[in-house]
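Asker: The lines below spell out each chain.
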Amino acid sequence: MKLSACNVSWSTGGVSILRDVSLDVVAGEFLGIVGPNGSGKTSLMSLLAGLRRPRSGRVLLDGQSVDKLGRKEIARRIALVEQQAETSERISARQAVELGRTPHLGPFTPWSARDDDIVDEAIRNVGMAQLTARMWHTLSGGERQRLHIARALAQEPQILLLDEPTNHLDIGHQIGLLHLVRQQKLTAVAALHDLNHAAMFCDRVALMSGGRIAALGRPYEVLTEERIRTVFGLDVDVEHEGEGRCHIRYRAPGAPTAVRPMLKRIS
Amino acid sequence: MIGIVPSLSRTSASLLALVVLLVALWLGAAIGETSIPMGVVAKTVANRLWDAGYGLDALDEGIIWNYRVSRAIVAACCGSALALSGVVLQSLLRNPLADPYILGISAGASTGAVGVAVLGIGAGLMTLPAGAFVGAILAFGLVSLLAMRAGRGHGAIILAGVAGSQLFNALTSLIVTKAANAEQARAIMFWLLGNLSGVRWPDVWLAVPVAVVGLIVCLWHARALDAFTFGSESAASLGIPVRRVYVVLIGTTAMMTAAMVSIVGSIGFVGLVIPHVSRMIVGVRHGLLLPASALIGAVFMIAADIVSRVVIPGQVLPIGVVTALVGAPAFAVILSQSRTVR
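The listed protein sequences correspond, in order, to chains Y and G. Counting in the UniProt record's numbering, the first sequence runs from 1 upward without gaps. Counting in the UniProt record's numbering, the second sequence runs from 1 upward without gaps.
Treat the hints with care, since some could be wrong.
Sample of chain G residues facing chain Y (criterion: CB under 7 Å; computed from the structure) [unchecked claim]:
1) W220
2) F230
3) L238
These are computed hints drawn from the structure, not numbers from a lab. Beta carbons: idealized from backbone N, C-alpha and C, even for Gly.
Given these sequences and hints, build the entire structure.
Answerer: Here it is in structure tokens:
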């Protein structure tokens, strides 16, 4: 299963959002997409999910243009977890996950025992087995996001797309959620805000800037002090760790130099 | 499963629903200004359908067959169609206050029907229901455009609906005042409030197919409607062809509303309240919610029609008045609840 974007561009309301973006998602990898607000991360995710058509260029799924595939066919192979999908319906946790079976069911296909098994498995996978009967509105943000992932898993996709899945979660849940995604035997593409999360969990990182991909590669190759300064306008120190991993230490704007902020000298 | 309905198999539930509907129709035919024994109703139906040959009073038989049975059937179809429309609109627009009346679809249908009846727009080509359909689509188009312009806020579509209703009601009044004669004007104003007294058999042949086709189309999309739980983007990622579903379902809603408005006038609150009542009973899954709403809507409308006939002796109250008397307080409750949920 291979997903790739070939020279895709996208614009809305006369504003160009993505310009000539090319990207191959390698089977089995966890690809992180990072970049400042408005750099086109979310737009790229929805193009990859086939929710929007590129103005030019193509998104290919196994060499086939996604435009040519039916929505249902795409949904059986690609699942998307949005930033924060909410509902006011009085729906139970399990019912939310059951929605993931939608692309596998026809209008009048009866719900089968196999569907039940897949849903159970997905819920167990995200560690929510105790909470299946709970109503959606009584669950915390972290629990809801886990259920969204379970719903995506119930689609039995080969590729999981996540658009800033950790927004509004506390740090424990952020790490827990990314770890959960990492453990799945799936190709995953996630738009992420926190560069350190990308560095910790992703096999490769794409850094976006102004609708283009500024760099793509292993985290330590992409997330350099130089690039982060140009793209985010932020001074950082990057510490390299084993296995090609790195850690980014942010500096407060205006803080003078190296590793730790120095005390103001009395002059 | 949420809801308080005991688990029944699909077949027994359908059978039960059919029995409930038939009993409601039966009562609808029996109760009225002159109450007619249930047995006579049954014999009349047997006479007419299977030539059973029971000896009955010709007047009773005439009243039952020509007025009451047709009226009860149309009431049932109307209740179902409006309730289904409410379920669909609430799900697609993700708004608990959506229904064809509040969104101005009924008002648009009224304008369309009056336009054909009084002004003779498209005379010869357009029938009353067709005019109502065009009006309904126009109204919904205008209201959605206005709502999109006003922003994506939760209340935008409702406010736009209020504006749309006012506009189309004003247009209707304008047409009636300007072009209709006194006799026509009186009849139209009575019809606008929602009224089943003019219903005869030909109306049944419009109402039944529309309600049945509407129900089938909605049931066909039950899973798609479920997929809208987390919004249209989420539905799309679950493999739902969102735009096509919108067009088909909004079109079906407009068709059902238009047909019912052209027969009985615009009746409020049924489309709003019945879906909420049904959700409390059977839960939020559309596979169950749609048939339940259709049934409850049908029974409620037959009941409302009975009430409208017997509440003031010797006078027929417009059925819209009855549904509004029940619906307005229910609307207030839903409004206050939807605030606390959010």
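Asker: Decide, hint by hint, whether the structure agrees.
Answerer: Checked hints:
Checking W220(G) against chain Y by beta carbon gives a least distance of about 5 Å; that is within 7 Å, so the hint holds. Hint status for F230(G): holds, given a least beta-carbon distance of 4 Å to chain Y, under 7 Å. Interface restraint check for L238(G): the shortest CB-CB distance to chain Y comes to about 4 Å, inside 7 Å, so the restraint holds.
Checked against the numbered hints above, the structure breaks none of them.
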